[in-house]
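Below, each chain spelled out in residue letters.
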Amino acid sequence: MAIWCADLALDRWRLVEGCARGEGADATPLALIAETAHGPRIAALNAAGAAQGVRTGTMLADARTLCPALAVCPADPAGDLAFLEHLALWAQRWGPWSALDPPDGLIVDTTGAAHLFGGEAALLADARAQLARRGLIARAAIAPTAGAAWALAHYGPDGAVLEADNLLERLGALPVAALRLDEEVLLLLRRLGLKRLEDLADIGREALARRFRSRRAPAANPLVRLDQLLGRVPEPLLPVIAVEQPMVQRRLMEPIRHRPLLDRVLADLAEDMARALEGRGEGARRLEMAAWKVDGDVLVRRLEMAAATRDPAHMCRLFAARLDDLDAGFGIELVRLLAPWTEPLALAQAELDAAAEQHGTSLAACLDRLTVRLGEGAVRRPLPRASHLPERAQRWAPPLEPMPGLQEDFAFHERPLKLLDRPEPIAVIYEAPDGLPRLFRWRGGVHEIARAEGPERIAPEWWRERSTVRLRDYYRIEDSTGRRYWIYRHGLAGDGRGGAPEWFLQGLCA
Amino acid sequence: MFASGGEATGAALALALARDALHVDAHAEEGDQRPWLWVQDKAALRLSGRPYRPGLPEPLRHRLIHVSTATPEDALFALEEGLRCRDLAFVIGEIAGNPRALDFTASRRLSLAAEKHGTALWLVRLDARADLGSARMRWRAAAAASAPPRWNPQAPGRATWSAELFRAHTFQPGHWTLRDDGNALAATPSASAAAPDHGDLVRGSGARSLAAG
Numbered sequence: 133m134a135i136w137c138a139d140l141a142l143d144r145w146r147l148v149e150g151c152a153r154g155e156g157a158d159a160t161p162l163a164l165i166a167e168t169a170h171g172p173r174i175a176a177l178n179a180a181g182a183a184q185g186v187r188t189g190t191m192l193a194d195a196r197t198l199c200p201a202l203a204v205c206p207a208d209p210a211g212d213l214a215f216l217e218h219l220a221l222w223a224q225r226w227g228p229w230s231a232l233d234p235p236d237g238l239i240v241d242t243t244g245a246a247h248l249f250g251g252e253a254a255l256l257a258d259a260r261a262q263l264a265r266r267g268l269i270a271r272a273a274i275a276p277t278a279g280a281a282w283a284l285a286h287y288g289p290d291g292a293v294l295e296a297d298n299l300l301e302r303l304g305a306l307p308v309a310a311l312r313l314d315e316e317v318l319l320l321l322r323r324l325g326l327k328r329l330e331d332l333a334d335i336g337r338e339a340l341a342r343r344f345r346s347r348r349a350p351a352a353n354p355l356v357r358l359d360q361l362l363g364r365v366p367e368p369l370l371p372v373i374a375v376e377q378p379m380v381q382r383r384l385m386e387p388i389r390h391r392p393l394l395d396r397v398l399a400d401l402a403e404d405m406a407r408a409l410e411g412r413g414e415g416a417r418r419l420e421m422a423a424w425k426v427d428g429d430v431l432v433r434r435l436e437m438a439a440a441t442r443d444p445a446h447m448c449r450l451f452a453a454r455l456d457d458l459d460a461g462f463g464i465e466l467v468r469l470l471a472p473w474t475e476p477l478a479l480a481q482a483e484l485d486a487a488a489e490q491h492g493t494s495l496a497a498c499l500d501r502l503t504v505r506l507g508e509g510a511v512r513r514p515l516p517r518a519s520h521l522p523e524r525a526q527r528w529a530p531p532l533e534p535m536p537g538l539q540e541d542f543a544f545h546e547r548p549l550k551l552l553d554r555p556e557p558i559a560v561i562y563e564a565p566d567g568l569p570r571l572f573r574w575r576g577g578v579h580e581i582a583r584a585e586g587p588e589r590i591a592p593e594w595w596r597e598r599s600t601v602r603l604r605d606y607y608r609i610e611d612s613t614g615r616r617y618w619i620y621r622h623g624l625a626g627d628g629r630g631g632a633p634e635w636f637l638q639g640l641c642a
Numbered sequence: 002m003f004a005s006g007g008e009a010t011g012a013a014l015a016l017a018l019a020r021d022a023l024h025v026d027a028h029a030e031e032g033d034q035r036p037w038l039w040v041q042d043k044a045a046l047r048l049s050g051r052p053y054r055p056g057l058p059e060p061l062r063h064r065l066i067h068v069s070t071a072t073p074e075d076a077l078f079a080l081e082e083g084l085r086c087r088d089l090a091f092v093i094g095e096i097a098g099n100p101r102a103l104d105f106t107a108s109r110r111l112s113l114a115a116e117k118h119g120t121a122l123w124l125v126r127l128d129a130r131a132d133l134g135s136a137r138m139r140w141r142a143a144a145a146a147s148a149p150p151r152w153n154p155q156a157p158g159r160a161t162w163s164a165e166l167f168r169a170h171t172f173q174p175g176h177w178t179l180r181d182d183g184n185a186l187a188a189t190p191s192a193s194a195a196a197p198d199h200g201d202l203v204r205g206s207g208a209r210s211l212a213a214g
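These protein sequences, in sequence, are chains A and B.
For the first sequence, our numbering puts the final residue at 642, and the numbers step up evenly by one.
For the second sequence, our numbering puts the final residue at 214, and the numbers step up evenly by one.
Heads up, none of these hints are tricks.
Every beta carbon over 10 angstroms from chain A, so not counted as near; a handful from chain B, in silico:
id, residue
1, D33
2, P60
3, G98
4, P100
5, A102
6, R110
7, A129
8, R130
9, A131
10, D132
11, G134
12, E165
13, L166
14, T171
15, T189
Pair ranges (Cβ atoms, derived):
id, chain 1, residue 1, chain 2, residue 2, range
16, A, R454, B, D33, 33 to 41 angstroms
17, B, K43, A, A582, 29 to 37 angstroms
18, A, P557, B, A148, 30 to 38 angstroms
19, A, D400, B, R101, 38 to 46 angstroms
20, B, T72, A, V432, 20 to 28 angstroms
21, B, R101, A, G171, 56 to 64 angstroms
22, B, A131, A, D400, 47 to 55 angstroms
23, A, D627, B, D33, 46 to 54 angstroms
Bear in mind the hints are in silico, worked out from the structure with no lab data behind them.
Computed from a predicted structure; not experimentally measured.
Glycine included, each C-beta is placed from N, C-alpha and C at the ideal position.
Could you build all of it, start to finish, from the sequences and the hints given here?
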């Protein structure tokens, strides 16, 4: 069964505004606009606006000349899609699974389910009644294939039910747009004079296959779409599956205003959550605590764990650090704990040697505590990256992220133990005009170079950087008191990329 | 361990000592693959830079977890949490200057936690006065001229430090020139100080009592 919500964006707007069709704010011309690169463009239009001669897809400025009284609201495509997802889940009342057909349609698999509603016609009537009760203008059709149902819902008679035999004869009168094709393909077909499905079927497969060779997307190839419509080739659809998030909540008899009580409630919730997670064999990676205040305000605190866990004491401890700035106001009356991100975590046997368990914390718990107090990016580990530029040869990743599969590490010659976040310029005194300096001044101290190794020439990554980036000549040096540094000269004299080369200190060697 | 901020001496020597200590333990525990923690506060980070993976010793490279904190208080918190964790091999901290938070109490707290959980802590103080502290060993580290490599005498050689153990609970204080010879620390006593050998330093215990330290 295909469902087409012809006016989804406007129906959503009406539901938000709380007005019926053609009444209240809907009685005057109104358009939903989308911002484009060339200015606002009309994305959806109500009946009063259409009666004034405005068309969907025109620029707002053009529409205003036709209908100066046109009211506008911003369109919300992301919200429409989220609404459609909810609708797809709700539509599973008519069949075991449903798929999205963006931007405004649904496909529901009703195979073998129609007799539960008293036949296909009754099912369709039920669907139309339920959709109308939700305030949606929808057309629905039932057919043996998804493509045929879509074609009937969009271009066929309202409430059509199609049997399995002779699909082409029954659908032959529909326009080619019923094949779900791209705009340019439709334009081409119109120029070729192929207007109906029967025209397309009459000219033969070979001719179509020769003319439309693109097999990248089905929407670009009328033959594939025709075969899908007639059920000659399968058409995989992506079903929408509801994922249930573990959630526990406590309604409180008296609003609480004090921290010890809240801690108590949180401890109870954590116990409940641990039980819920244990039942599913999962551990939480992200937790969300929401506290509803008496005045209707909602306080939300989020946590993210380094590894899946369901230890209530650990959860409480992590939340305790985040509750200090909670303003209870007149009191909190409902506390809810939600785990939006969970990962499988098998039940593990507790170690018999209890001392080993109690001694110290595990690594994941330690990292969680650090992350909660110090913030997201504070705890990281360096991972190698395939680059020969020193500062790009490592990247920082979350601490428990697995090592990426590199074929081999770059075998660098000698690298410093530490790298400054940004190379610091040094003032140099040359012994010879080009070559290594004799002295340099860094952070107010003068260093005399006693021994040096180099240069190690590192060219810029030309495939990534601009052509004017200068190369670097690195030297590993030791000064007269034994301090070892990694310095480089940025560019060459006379390389045509700026003035005289400058010197920088980038690394501190062990 | 007290070191100057404009060089990597402190961290490098701490790392070398930590490796050496692990190496001694490695006979009992084959193939210790636990990660280790490196905590730096913001001032230390600005002063002496970030750890650089290709420059770290090969066996420790992939096990580093780095923590950068905004304040010394947070750094102390991170150090203590790291010490309490049973899955860490050792902890290195770098704190610049003499912050108010790092007083004798904080230092005592850290050394007690380290002793209780058996995790080694090497705290590097950059550009700091040697104030009160309860560390079991207190070193003063500086860079020393390295031995010239055999094949290129003009190049800097293996990392060499001049380290002074100026306060220790169970060891004789002394002054050494320590050298990283690839997989272990090698020590040559300074000409001026009559000090025990480095191997003795790790294993044995001196005559000084705890109270005297």
